[in-house]
Structures are given as structure tokens and as C-alpha cells.
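Peer 1: Mind assembling these two chains? They're in different frames, but the hints should get you there.
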Amino acid sequence: MVKLPAPAKWALRIIVVGYVFLLVGWPMITLVQNAFSDGLGNFQAAFSDPDVVHAMIVTIEISLWAVAINTVFGVGMALLLVRYEFPGKRALSALIDLPMAVSPVVIGLALLLVYNGRTGWFGPTLEAHGFQVIFNSPGMIMATCFVSLPLVVREVVPVLTEIGDDQEQAATSLGANAFQTLRRITLPAIKWAVVYGVVLTLARSLGEFGAVKIVSGNLIGQTQTASQAVEQEYNNFSQGEAYAISFVLVLLAVLCIVVVSLLRPKESSS
Amino acid sequence: MSSAVLGLDTQPIGRGRPGVHSTLTRGSALGLGVAMIWFSLLVLIPLAAIVVTAGQDGWQGYVDTLKNPQTWAAIRLTVTQSLLVTLVNVVMGTLIAWVLVRDKFWGRGILDVLIDIPFAMPTIVAGLVLLGLYGPKSPLGINVANQRSSVTLALAFVTLPFIVRTVQPVLAELDTDVEEAAASLGAKQTTILRRLVLPSLVPAIAAGAALSFARAISEYGSLVLLSGMLPYKTEVVSVRVYSFVEGGDQTAAAALATIMLAVALFVIVALDIIQRRVARRG
Chain H
22 MVKLPAPAKW
32 ALRIIVVGYV
42 FLLVGWPMIT
52 LVQNAFSDGL
62 GNFQAAFSDP
72 DVVHAMIVTI
82 EISLWAVAIN
92 TVFGVGMALL
102 LVRYEFPGKR
112 ALSALIDLPM
122 AVSPVVIGLA
132 LLLVYNGRTG
142 WFGPTLEAHG
152 FQVIFNSPGM
162 IMATCFVSLP
172 LVVREVVPVL
182 TEIGDDQEQA
192 ATSLGANAFQ
202 TLRRITLPAI
212 KWAVVYGVVL
222 TLARSLGEFG
232 AVKIVSGNLI
242 GQTQTASQAV
252 EQEYNNFSQG
262 EAYAISFVLV
272 LLAVLCIVVV
282 SLLRPKESSS
Chain V
477 MSSAVLGLDT
487 QPIGRGRPGV
497 HSTLTRGSAL
507 GLGVAMIWFS
517 LLVLIPLAAI
527 VVTAGQDGWQ
537 GYVDTLKNPQ
547 TWAAIRLTVT
557 QSLLVTLVNV
567 VMGTLIAWVL
577 VRDKFWGRGI
587 LDVLIDIPFA
597 MPTIVAGLVL
607 LGLYGPKSPL
617 GINVANQRSS
627 VTLALAFVTL
637 PFIVRTVQPV
647 LAELDTDVEE
657 AAASLGAKQT
667 TILRRLVLPS
677 LVPAIAAGAA
687 LSFARAISEY
697 GSLVLLSGML
707 PYKTEVVSVR
717 VYSFVEGGDQ
727 TAAAALATIM
737 LAVALFVIVA
747 LDIIQRRVAR
757 RG
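Note that the protein sequences, when read in sequence, are chains H and V. Read in order, the letters of the first sequence are residues 22 to 291 in this note's numbering. Read in order, the letters of the second sequence are residues 477 to 758 in this note's numbering.
Extracted from the complex, chain V is given alone in its bound form (with noise of 0.2 Å):
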């Protein structure tokens, strides 16, 4: 998995700005009329029935929607235990990006594999998997099914691969030169990661959070086994917005989306801007 799958290209897409003259030719033209057609069924048009159907009783129906305590409560939940992993993660995740690139020791490689486990894993042997070792089965005494720490240990599972994997590749071209230079001058180690190392990989890490955070937020797969799903105790909101579902209040499921949806687009828009600034810098 390369850093371009997570979001974060040095190169930026395009600068397509208002007013840009098209290039496209006749046969692009085309190409891009069936895609835009295809995206716009599979995505745009599915994403507006969303906000239609939670606009449908205008904002009342957010208000309701958020005032049910046991939504606030998964909402609290979500939002406390998304926010504890992705610090969690941009403490290990560095931590780990740091041994991979800078330490050389037997069993590197295995580690370098066992990092991308997570986002190629079925989510819901994910959750199925962490029940074996932390669940009422478990060889360490420890078990966690059913508690929220459940919720923690799940999201720090599924989103384990970001921050490294972002952090990685910019920690791996980092200039070297610039740390002799700043040794050979009398700094000493710790100025030089605190002065000159942290500060470059500072938009990797906060590109890496950022997708860390959207994916915690959204996790479903992983938590149905471990988790227990019990109401005001580890319900997430993607489990709330389910049982919406399937209780066929889909005015209730997607009035919750839609503030999923808003999140979402505020990280894409927010990785987007990083993006851009490092492609600059670079």
C-alpha cells in the first residue's frame, strides 16, 4: 500500500481553476460524459437522496433525530473514542514509521506486512479476530467484548495502518544531510528531532489523523462481534444509523447520515487543502 492509496500524493491532480479553457477532445469528451454519468448513479445522486430524505421534515428532524438521548449518547460515544485512537495513533503511528525507516533489526519486514493487515481485513473477521485473544475466550485473562473499551480496541485495530503509512514515505526522503549539518554545528539529538524532524513530517501526520479520524468515525464491521452493540454503553454511530435502517425510519437514518456525510466532507476537503500545501512546499 503506497501513500497515494490513503489520500496523501505529493503530486497534486490538477489545478483546475474557474474559467480554465477545457482541453478535452472530442473522444475524452465522451469518456467523461459516461464516467460523470456512472459516478453520478453510483455516488453523487445515492449521497443527494441522503440529504433529501433527512430534509424531508426540515430541520426538525435533525433536531429530533439528535435530541433521542440514546443517539446523542452513540454520537458522544463516536466522537470521544475517535478522537482517543487518533491520538493514540499519531503517537504510535510516528513511533512506528520512525523504527521502520531509521532502525534496522531482524523481523522488520514482518512488521513492515503485519501494518497493512488491518485495511486488507474483512472488518468483520477483524472484530472477530480481537475476540480471540480479547474476548471470553482469551489465553491473556483480558476480556474487553462487550465493554467499551471494546469500541477503543477495535477502531485502534482498523485504523493502525494510516499515520504510518502516510508518515512513511516522507520520513524515508527527508534529507539527511540537514541532521549532520545541524550535528556537526553542536545540536544535540533531541533539538534536532524536536527542531528539525518533527516539524517535516507535521502535514503527514496531520494528513494521516485526518483519514484516521474519518475512518473511526464510520467503523462499522468490526464492532458488530466485539462490541456488543448495547445501547448507551458501545453503540457507534454507523450501528445507530443501521438499526435506523432496519427499523425503517429512513427519515431518522439519514438525518444522522447526513452529519456523517458533512464530517466526511469537511476531512476530504481538509486532506485536500494538506495536500496542496505539501505538494507546494515539496
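Bound-form chain H, shown alone (with noise of 0.2 Å):
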């Protein structure tokens, strides 16, 4: 094992906590500061607004919708992939990071081509059946959906590609259906690596501000997210307003990773 002389081992600890203490570290104490610099009187300020509320509480549902589908066809999609084998399945891994590596401008621009009302490929259909998606909760979530989308599948993958078909065999062999295989035996399996994509989607389902902007119409009181809130303050020279809703999102956040960070060791130990 290479061991650093003590000088060069000393100068890159220094680099190192020095370059992600003053991008990440001192930033963040910063957002505190600002949040608390009157007391909790930016945060009384803030949340007594029902409108900020409102786009609170819209964030949040939009958040559960997405997570509960993107955890459904997630673990659905993992094993298709892992358990089957038919023509396309690789191109259709690759697919499946996509939305990792598309802007979100770009995401919220391609469903606005297709669901808006006035000249999308099935919007006016879709409206004309009573059922709008672009500027309401059907297109937030599907935004939220598209930009989260691999989460899940990611985790479960190698998780399932490890286990193996043992056991699932075994437990089919010995008579037991599908469904009961599924869930005696599968979906225990990989309970954790669901777990983390699950934390992880609801993360970035939280904070996405981009594809939600452009298909939400962002309007106040109605489809405005938290993260829109936060730009809307901010613009507004509310900048304490804007610090104590960022505040709360960073919390929901951190609490995220830290929960993910503290589940992870338990899988090897088991």
C-alpha cells in the first residue's frame, strides 16, 4: 500500500478539505446564517404567506406521486432487465439513463411538445377529455418522473444481478406461484437497495425546479413549487423569505442522505 510522506499526506488533507470546505462547507453555514438572521422571523414571515404554503404542500404531493410511480416501474423495469431476456434489452438499459444526462429545460420543452393544449401531439385530445396535463399536476408529476427516472432501477440492478435466480427457483420448484415468490422471497432481497432509490428519487423529486418550471406555468398559489417559491422571494427582494423556504428544502434533503448513509452499512453486516 502507498504510503504518502507525512508532508505530501498533510498538503493534500489541506487540499482537500480546503477546496470542499469553501465549495460546499462555508456555503452552507452561510444559508444558515442568512435563515436565522433575525431569529425565526424570516420563517414566520415566510410561512405565514398561504401562498408559500400552498407551494410547499404542492412539492411535497407532487414528490409522493412521483416517488410511488418511479418505485413501481423502478423495481418493475430492474427485473425485466436482471430476470428476462429479450431483443432491445440493452438499448433499453441505455435508455434508461437518459434523463441522467438531459437538461431539464430540455425535459420540461419535450413534454410541453406533446401534452400542451394548444398544439401538442396529444394535448388537445387529452384536453378536449377533460384532462389537462401541461400547467397542472399530471405534467408536474410526469416532469418529476422523467428527471428522477433511473433512481430506482440503478440501485435494484446490481443488487439483483448479485442475488442470483437461486432462491427464486428453489421457491418455485418447491410450488410456489409468482406472486408468492415475488414477495417472500425477491422483493425481501432487495428491501435496502429499494430503500435508497426510493430516498434518493424523493430527494431530487423535492428540489427539481428546471422541467417543473417550464410545464407548471408557475403560477402563484396554484401549480408554484418550492423551489419556484424560492426564485419568485428572492427576485421579490424578499432575500430572508427566500434563505428560510431554501432552509427547510436543504434540510429535507440533507435528512435524505443522512438517512441513506446510515442504512447503507447495515446491508453489509447482514
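Quick caveat, the hints were computed from the structure, so don't treat them as lab data. Some hints here could point you the wrong way.
[What the hints assert, rightly or not] A few chain V residues facing chain H, derived, Cβ under 10 Å:
| no. | residue |
| --- | --- |
| 1 | Val519 |
| 2 | Ala525 |
| 3 | Leu560 |
| 4 | Leu563 |
| 5 | Ile591 |
| 6 | Tyr610 |
| 7 | Ile668 |
Note that CB positions come from ideal geometry on N, CA and C, so glycine has one too.
Peer 2: Here is the structure:
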């Protein structure tokens, strides 16, 4: 094992810790200072505004929907990709990663082109049947699903590959039907991978900005989300309120990370 | 967050070769059908709509969009800043991963958690948070708001985890016996690093760099508050697409978005190839 001489080791430590502290650590401290600059005043000002409270509720609702849909899709897709062979599998597996590399703005535009009520491919038909997608929650849920699509799949696939299908085959040969095998054997084995995927999806969904901004129309008190409220408060020179809402969002995000890092070591010991 | 999130699986999903027989049962075929309908409605058809809309004016549409000096300036800024930030990440990300895996000191756990924060933090908040320390009211006296350097700063922040999180697991799994053997045979520490450690990290660094570049060129949220989105100065491609959408010029927006999609697709294919190479070696 490479042993660096002490000066090099200390130089590396200082460079690394300094870089991360200046880029992430100190800005986080400034955020807390700015949010609590007049005690709880910023929070009272921000959360006594019904529009901000509404934006917060919208964000949570949209995120829960996206998490539910992506969990079902993610686990199902992972099972199909790992346990079955079919033509076009490799292309499909690569395409599922695509949302990681596509700009949120492009995602918003893509949904807008298909589902907007005036000129979209499907939009006018859907709206004629009373189903409005764009500037409404279905569009916002779709945008959020799109940006966080690969997170559950990517967590579950390696675990499914790792555990193999011996136990599943044993269960089937002992007479278990497909549903029993799934519930008793497969799901318990991939439980933690699904939990990580869900937590990561939740963190990503709570903070989504660009894609949702395009499809939501940012209607205050209706389709405005928490991250859009941050932008609006900041541009209206209510910086204290913007920092207060941000603090709550970051708290949720950091909570997600801490949950993941607390859960992760258990996996290796079990 | 694991390397799996970032797309670097050491286990390939499968080797679906053309002509491979399907092993789908009736139930799983139904499941695949439902999943594909949702995937098409959500991802494939909307992305196809971008390409089709962009193609409405033929090649001339692309040429006109690219010839627009403001758009061209945005593309140049985005590509140069993304390359710069990716280069910074290749160096800093590898060093951070090294310190996290091979060094032991008080506070390493905090460092480890800090690395994940940019990934989980809402992008608009990332801009606001950086504005607190590097904005007009900076306690450091550094104000990058509305400057070119604000783009570098925001991109460095949001792409921080990628190379760290792809290199870290590879470095942790690295067999240290080989290093011991080399050392006992008289190899210098620098030789071991250069000849043994670095080469085995190259695929992970490459994968992380691809993800970091892809994220950088598509970034939007963190730049909104920090960069001021000034045309010819701090306006990036995503912001340009957004202003086309807002202005109702969907064809121009789609043309520019198609170019971004092509780059995204290229990165994903490159990642797939790297993954499979790593898996074969593994």
C-alpha cells in the first residue's frame, strides 16, 4: 500500500478539506446564518404567506406521486432487465439512463411539445376529454418522474444481479406461484436497494426546478412549487424568506442523505 | 449514494444480442408491455417530438439557430466552462476519493457526507447558497455574481460528487497486495502510483468525467440566481432554450435541444461502453 510521506499527506488533506469546505461547507454555514438572521422572523414571514405554504404542499404532493410511480416502474423494470432476455434489452437499459444526462429544460420542453393543450401531439385530444396535463399536476408529476427515472432502477439492478435467482427457482420448484416468490423471496432481498432508490428519488423530486418550471407555468397559489417560490421571493427582494424556504428544503435533502448513509452500512453486515 | 446511482455498474445488465431468444413468460411480457407504454409516453415520444419539431424547418432551421450570435456565444460558454469544470473535477475528485479511502483523520465522515450534498440539494437553492458566500454580501469580499466565474463556481458545485463517487469504490476494492509487492521489489512510491494505482482508476475517472460533463452542459437551476443569465456573458445553452420556450419560439428551442440531446446520447453510449469494459476486466 502506498504510504505518502507526511508533508505530502498533510498537503493533500489541506487541499481536499479546503476545497470541499470552500465549495460546500462554508456556503452551507452562510445559508444557516442568512436563514436565521433575525431569529425565526424569516420563517414566520415566509410560512405565514399562504402561497408559500401552498407551494410547499404542492412540492410534497408531486414528489410523493413521483416516488410512488418511479418505485413501481423501477422495481418492475429492474426485474425485467435482470431476470429476462428479450430483443432490444441493452438499448432499453441505456435509454433508461438518458434522463441523467438530459437538461431539465429540455425535459420540460419535450413534455410541452407533446402534451400542451393548443399545439401538442396529444394535448388537444386529452383536454377535449377534460384531462389537462400541462400547467397542471399531471404534467408536473411526469416532469418529476422523468428527471428521477433511473434512480430506483440503478440501485436495484446490481443487487438483483448479485443475489442471482437460485432461491427464486427453489421457491418455484417447491410450488410457490410467481406472486408468492416475488413477495417472500425477491422483495425482501432487494428491500434496502429499493429504500435507497426511494430516498434518492425523493431528494431529487423535492428539489426539481427547471423541468417543472416549464410545465407548471408557475401559477402562484396553484402550480407554484417550493423551489419556484425560492426564486420568486429572491427576485422580489425578500431574501430572508428565500433563505428560510431554502433552509427547509436543504434540511429535507440533508435528512435524505443522512438516512441513506445510516442505512448503507447495515447492508454489508446483514 | 452508490456508484450504481451514477451509472457505473460493475455488473452489466445483460448481454442482449440481436437474435437472442426471448425468455419472457406471459406475465412478464405483460409487465414489459405496460412499462414500455409508460416509458414511451413519458420519455420516448416527448424526446421524439423535440427532434421532429426541430426538423420542421429542415437543415436550415439548425443552421439559423446556430448562426444566431447569441446562441453561438451560449454554446461556446457552456462547452468551455463544462470542459474546465470537468478538468478540475478529474484532479480534485480523484484527490478527494484518495483522501476518503486511504487517509484516516478526524472529520473524514463529515467530509464524506458533504460530498453528497450537491447531489441532493435543490438546484435553485444551490445557486442561492453560493450567492450567500460569493455574492454581493460576501463575507469574504469575493463577488462573482453576474460574472463568468459564477458559471464555473455553480458547475463545480453541482458536479462535485460525480468523480469522487465513481472513483471511491474502485479505489477501496483495489488489491493492496500488488502495491506491497511492488514496494518490496524496490519500486518508488511515485512509480507505484503512476504505474499501478492510476491505470486501474482510469475507467472510473473516465466514467465520472463523462457524467460530470453531461451534468455541466445541461445545468440550469443553479445558474438562475447566481449568473444573472446575461446574454453573451453568462448565458448558457439551457438558459437560451428556456428563453426560446418562454418567447414561444418552439422550433428554435427544439433545434438547440436536439443538439443537447445528441451530446447526452453520446455520453450515455460512452458510459455503456466503459461499464462493459470495466465489467469484462473485473
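Peer 1: Tell me the hint numbers this structure goes against, listed in increasing order.
Peer 2: 3, 4
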